[in-house]
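Colleague: Heads up: the sequence lines are chains R and W, in that order. Read in order, the letters of the first sequence are residues 2 to 185 in the numbering used here. Read in order, the letters of the second sequence are residues 116 to 556 in the numbering used here.
Worth flagging that the hints you see were computed from the coordinates, not collected in a lab. Just so you know, not all the hints are guaranteed correct.
[Unchecked claim] Ranges of calculated distance between the beta carbons of each label pair, as one might list FRET restraints:
id, chain 1, residue 1, chain 2, residue 2, range
1, R, Y26, W, E357, 28 to 38 Å
2, W, P303, R, R147, 32 to 42 Å
3, W, R337, R, G154, 52 to 62 Å
4, W, D298, R, D69, 54 to 64 Å
5, W, L189, R, D113, 52 to 62 Å
[Said to hold, decoys possible] A few chain R positions that, by computed beta-carbon distances, are all more than 12 Å from chain W:
id, residue
6, Y9
7, L60
8, D107
9, E144
Computed from a predicted model, the values in this text were never measured in an experiment. Beta carbons: idealized from backbone N, C-alpha and C, even for Gly.
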Amino acid sequence: MKLVLTQYTELVVLVAVLVLLYGVYLSWTATRLDRLHVRLDAARVALDAQLVRRSAATLELARSGLLDVATAVILATAARSSQIAAEDEREYVESALTRDLRAAFDDPEELDQLRGTPEGADLVQELAAAMRRVQLARRFHNESVRAVRQIRGYRRVRYFRLAGRAPDKATFEIDDEPPAVFAR
Amino acid sequence: MKIGIVCPYAWDVPGGVQFHVRDLAAHLIGLGHEVSVLAPADDDTPVPPYVVSAGRAVPVPYNGSVARLNFGFLSAARVRRWLHEGAFDVVHLHEPGTPSLSLLACWAATVPMVATFHTANPRSRAMTAAYPILQPALEKINARIAVSEYARRTLVEHLGGDAVVIPNGVDVSFFANARPRPDWTTPPGDDGPDGTGGTIGFIGRIDEPRKGLPVLLEAFPRIVAARPATRLLVAGRGDTEEAAESLPDAVRGNVTFLGMVSDEDKAALLRSVDLYCAPNTGGESFGIILVEAMSAGAPVLATDLDAFSLVLEGGQAGLMFPNGDAAALAEAALGLLAEPVRRAALRDAAGRSVLKYDWSVVAGDILSVYEMVTESNAQVSTTRPSMARPGHTGAGITRTGSARFGSLSSLGGLVGFGSGGGSDGPEPGGGADNDSERSPR
């Protein structure tokens with residue numbers, strides 16, 4: 002009887018240790034996931050900031066009086082739509098802005114002329130930098146989404162609901178290719 | 116901005132990653148930022164004031180080459196102290212995918228992190244064993260940079276996930292403004308369709324077959340047969356006797372071995388030659404030497420490696436020949452030496468395409484990444500409560516998570532110790548993009 006009890010005790014201790022270790026493991030996984038969610042939030046903030054910066058730069062250029070009036074109207078409209086777009090239209094509107102910018106700046110000579118004035122050079126420089134940053138920020142954002150999804154796909158994360166109430170975020174898919182003439 | 120940079124390879128050994136870190140640090144300091152570089156170095160090695168030594172690296176065989184490892188707890192402690200004392204806004208790791216100082220820093224750091232992948236080691240079965248250990252560390256990185264489209268593909272295939280491409284930087288004006296040396300230039304009238312000469316340059320370790328000198332030496336007698344006064348200038352470390360053995364006696368006089376050259380001589384050499392040849396047979400992820408040659412105005416003839424093709428824009432900014440094909444190399448070289456007009460066209464195209472590699476552009480891009488990462492992290496850590504998972508509360512959530520991770524990271528460090536936790540990267544000759552042959556400054 003005594004022997005059986007000892008074995009039983011050992012088993013309980015063993016199970017308890019295993020449960021504890023698995024708990025630590027789960028907690029560690031939850032920490033990883035939490036950190037990835039923080040990283041994703043930061044990446045989204047950065048992406049939004051760069052998109053805002055891009056539309057602001059476009060609007061400023063459109064209102065500068067340095068562009069012909071037709072181009073100015075197209076760019077101003079596209080930039081404004083990007084600023085007021087609802088969340089579910091974001092991707093469409095930002096892609097449209099990119100395409101309008103590519104259409105507006107397809108002629109190297111016109112661009113050189115625009116860069117000829119100090120004000121024009123500044124504005125074009127700011128727009129080119131903003132477009133580059135949108136590209137960088139979008140890559141970082143989508144990479145974060147991928148990393149979050151990978152961990153959220155783990156069985157232990159789904160069974161134990163380690164993701165909590167954090168919503169599943171989608172990647173941000175837009176055309177962000179700057180005009181070829183902006184290439185430095 | 117307070118920037119901490121971690122260089123995984125020994126500071127006193129010349130190599131592509133080390134030069135990149137050195138030049139990046141110099142540029143960022145020039146822009147007024149506070150920069151500290153953590154790198155392995157012997158304690159008696161003279162280092163620039165911005166470099167903090169992480170101790171001596173010990174050579175150990177790892178993944179097919181000799182790695183120089185900073186072993187275990189002493190190094191880990193130095194890394195933690197450096198991070199603590201530096202109080203950096205952002206930490207920039209180089210090659211954190213290899214067992215190295217960068218990986219130790221990645222484990223320990225709680226600030227926003229940017230990582231540059233210069234190359235990935237070829238995938239091996241042994242290394243996949245380390246992947247579950249690497250992954251939780253690499254997840255902490257906010258922004259990943261690859262130095263070329265090729266390095267990015269390697270990263271995507273081996274570690275998963277994406278990266279932005281920001282190329283290695285080159286000081287274009289340093290090469291463009293170097294003065295040619297008369298004894299390295301072709302005498303007037305000796306080049307072109309009517310001449311019998313020309314000068315071909317090669318820079319790289321001569322005892323490293325991957326750099327491709329044997330292919331060039333095999334092709335050279337054919338070139339001399341058609342243009343007897345052609346000269347070949349070879350700069351780089353290695354046993355010249357052994358390298359010259361394969362050469363027929365008749366052409367030995369046409370080849371000059373310069374040994375290891377200074378940065379200034381390297382630029383002068385690239386300015387002087389009619390043709391720069393890069394016959395590398397593999398293992399390149401970027402090819403910074405091509406950009407340097409192009410900056411100096413040397414027409415480039417290179418192997419058709421993926422990495423080179425990207426730099427040469429598929430052949431528009433420099434000519435390519437099939438890998439290892441000495442006959443094709445000789446033919447292409449003769450064609451170029453006979454046609455100054457074509458060389459000038461290549462020079463123009465190259466001059467335009469190197470601008471994107473200039474440090475002013477590259478450092479600007481890297482700074483944009485730093486700014487994005489630090490600004491957005493600052494915002495998220497102060498506005499986070501609404502995003503809290505059950506069980507987590509308040510604005511201190513980032514810190515809570517990190518602290519919890521920190522307490523467990525020692526456990527991970529223990530696990531990682533055997534298969535890659537406390538170590539210091541393969542020797543630059545092994546996996547690193549190391550095509551530069553310069554003396555250490």
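Colleague: Failing hints, ascending?
Modeller: 1, 2 and 9
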